[in-house]
Amino acid sequence: MLKNHIKIAWRSLKKQPFFTFLNTFGLAIGMAGALLISLYIYDELSYDKMFADAHRIYRINADNKFGGLAEKLAETPEPMAETLVRDYPQVELATRLLNQGNLLIRKASTTSNVKELHTIYADSTFFKMFGLNLLVGNPKTALTRPNTLVLTKTAAEKHFGITNALGQNMVLNNSQTYTVSGVVDDLPKNSFLRDHSVFLAMAGFQNPQIGHWGSHNYFTFIKMAPAADMESFNAELKSLIGRYLIPWVQAFFPGMTEESFKASGNYIKYSTMPLTDIHLYSNMKTELSTNGSIQNIYILSFIGLFLVLLASVNFMNLSTAYSLKRAKEVGVRKTLGSNKTDLVRQFLTESGLICLLSLLFAIGVAYLVLPIFNDMADKAISIPFAAPMFWLILCGVTVLLGLLSGIYPAFFMSRFIPAKVLKGSGLADIGGSKVRNSLVVFQFAISIFLIVATLVVYQQLRFIQNKELGYDKEQILVLQDVNNTNSQEQTLKKEIERLAEVKSASLTSFLPTPSERSSWTFFKEGFFDQEDAINIENWMVDYDYISTLGLELVAGRNFNPSIPTDSTAIIVNEAALKTLNVDAKNAVGLRISPDLGASEDQVNYSTIIGVVKNFHFDSFRNNIEALGLSIGRFPGSMAIKLGGQDISSTISSIENIWKTIAPGQPFNYYFMDDSFNNSYEAEQRLGQIFSIFTVLSILIACLGLFGLATFNAQKRTKEIGIRKVLGASIGQISYRLTTDFLKMVGWAILISLPLGWFAMNKWLEDFSYRIEIQWWMLILAAVLALGIAVVTVSYQSIKAAIVNPVKSLRTE
Amino acid sequence: MLLQLKNIFKWVNSGGQRIFLLKDINLEVQEGEFISVMGPSGSGKSTLLNVIGMLDTFNEGEYHFLDESVHTLKEKYRSTLYKEYIGFVFQSYHLLDDLTVYENLEMPLLYKKYKGSERKAMVADILDRFNIVGKKDLFPSQLSGGQQQLVGVARALIANPKLILADEPTGNLNSTQSEKIMALFKKLNKEDGVTIIQVTHSEKNAAYGSRIINLLDGRRVS
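From first to last, the protein sequence lines are chains A and B.
Positions 6 to 817 (the working numbering) are the ones given, in order, by the first sequence.
Positions 5 to 226 (the working numbering) are the ones given, in order, by the second sequence.
Don't take every hint at face value.
[What the hints assert, rightly or not] Now the in silico label distances, taken between C-beta atoms and shown as ranges: (1) Ile412/A with Asp71/B: 34 to 42 Å; (2) Gln34/B with Phe416/A: 52 to 60 Å; (3) Phe416/A with Ser206/B: 35 to 43 Å; (4) Phe416/A with Val16/B: 24 to 32 Å; (5) Trp768/A with Val16/B: 51 to 59 Å; (6) Ile216/B with Phe416/A: 55 to 63 Å; (7) Val16/B with Phe23/A: 33 to 41 Å; (8) Met394/A with Val16/B: 37 to 45 Å; (9) Lys723/A with Ile216/B: 32 to 40 Å; (10) Ser179/B with Phe23/A: 37 to 45 Å.
By construction, these hints were calculated from the structure, which means they are not laboratory data.
No residue lacks a Cβ here, since even glycine has one placed at the ideal position from N, Cα and C.
Please put together the full structure from these sequences, using the hints given.
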């Protein structure tokens, strides 16, 4: 019987190639999209799970409020790690990481540097913590001695390969010498350490400015005992404030107690975060690597589900519609003694066959599209063809999908009454059109929802790109590693400024696009109590900063090199005025101090000489925070404002100057507007993904609509013929056929627009600076959907309408 | 007695009116009879045939088939009953276009759960009896109307039914083809003792039968 079922299924599929194509194609697209999304989500969920004991490793987070500034940090104070191991037996191991950022590195005997972007100080327990083995060297001792480092395989191969790496001397930033004590294999792409290439020994590292309980700079990881109770441990962490932090603060504020600290509204809350949660759930001010977001996982899951659902709905619709052609078959089979179960089984075999066919296509499509998808999502996903689990799940899901899609049509068809469907040879009315129509409404509702989402995401992106930033990001070239010019950065600057195409240049590490940041605590003159502390971003810049970036002064004046006191002056932004609680006029002349000094008369003050208009130096997701600019030597990079058209010749002139002043040093630069755009990569990706899957879902919905239109036109051949004989014009008939479908799209619009509006408003709430959803976006989505539907349906409608009625009536 | 209809009524409600398709039909059919049902269009011939074939229900009356009371049977038992004893022949043949002659003939046997070897033997036998062995691998569209109806009759006969119901079996055929099919029916009736009820418009075809029943507006007139 099964053989017979398959044979008949295969023949009837072959007999209706158009129907089979629509069904298979729609399902294949849906399945391929869902497959890619599933692989993506699987990859996102796999982050950091490869480390041995990953489930026992936690990072300590700090949720702080101090000086009017609330921050969520992934870093904790320097003594945290050893304190936890000492005070709590359930903490087996702790290790600290301290970001060093980019570093120029070379073999001691050579002069040309290699730039490593992600370097990090690590405790000697690092390898034990994460269960990492070294290719060469001993993981137990590798980072125990000062001035030793461990390279990844890739980093080592740039200099001397792996086998003879041990004991090599390396020079960092042309100043310190480190010895290679090990080489570790490249870290997995789905781990938080994926970008890091150089691990420096924390041993011997000292920085008195951050080596205490008052500063949060160290990423602290701990490994808990297997049976540790995390809830009680987290509660225990509260006691650290009273035990360690307050005694440290008391050195500066003698009267301070834990109670008075709390009473002032400030807080520091430590908590643990599982290592495996970091990638999807952590969104701190600084992270060791770019994280994903669980929100995107949810969004993608929904899109994947939608795609499969759309395709499955398509299948149901087309199958029930086309079943009309098979009504006779059902009738004959029933009179010959077939019962319902047999028929249901036969039709399920057919849908199973289509699903399998689609699966093959889907795998093919996914395989072909994967490189593009990887590129877009910045992933290295591959299809796990060798994994039996993959095939098992895939086949399971396909069978399930076949049943899900086939069960309604199967029962629908097996219900045909033979005496009815065998009457005459024409096409009987088989009913079920209400279900089909509501399914079309459902499909279009999803498509319109996705159109709205895409429009809003893209409008928000455009808004970000075109928003008045408060500074001029165009035509600014940022020259990097200027501090590696052997203290000749001033000469370099003068030489570059001399170029005709250069308007101005400024030496600083602090730029509005992602770069150096530094938050300081200030006190207004005369207000030195702990609760009067004010947290302000304090950037070290030079005299040309404001003019190079095109910042606008709203009060006071710019720095002036001929006024000696300006070296201790500060220019603040408007947001800082709010924290200082003064207006722009009164702010000028105000004195603030970053340190309390040993006594009242030894305090170092900075005088506010000007106020700049707020400019965006942080993501649009956040409000503009208080900021101060002071004169200081921090020449990590040089911002160069270019004039003129021929950018590439200007760059080569700058490179020539660089080569004479800093021979052998890598010449690295980027454009500020690129860097700006990169910082919204996540949103751009979301926009791309939305638009691609929107197109896919519309395509699937259109396939379904096209099939239905074809079927409808066939079913109404006789009606159309009669109408034409009675004098209806082609226009009237095609209008009639088309409007039936547009009504369904109309319903879909009514359902999906409010939903889309609501959901996208939720998404926009994440942005402090955002667009409002405009009426025209909703109307555009509706018009687009209607337009697409008209184009899809009208071909069939017109085709049916121009048929000669003599022909169509003869078929009856 | 093969079957008996007692005061059968069948109607549909349309616009508040009750339209009778069958009105007080009484009929007894003995085994071995060859009955022709005649009447103008819309007189209820096909409906009567469908009721007898249990493809359609009726609203009032009693229907006995062999020893069973069809009007009290559930759908499931009814279908086992007609599967076992009745074969159908249609005006437009209703062969399945996707299946070959052989497969069309085999299908009723599949539904009656015959074994593969039995099916083979039975199909071969009927192909032989009807002289269509050479056509067994052809699809219906490759056959003439007469040949298609030949296959249709063969399919109805293959599982050895007691009763054949034929709804205008020659309606789509020319006169030569018609005569052949009618001769075949006659032979089946005479030699194999198969009971046949046919619906026809043609006096000539009706003459092949042993008894004629006339219908008018759903009522039996003779």
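- Non-conforming hints, listed in increasing numerical order: 2, 6, 8
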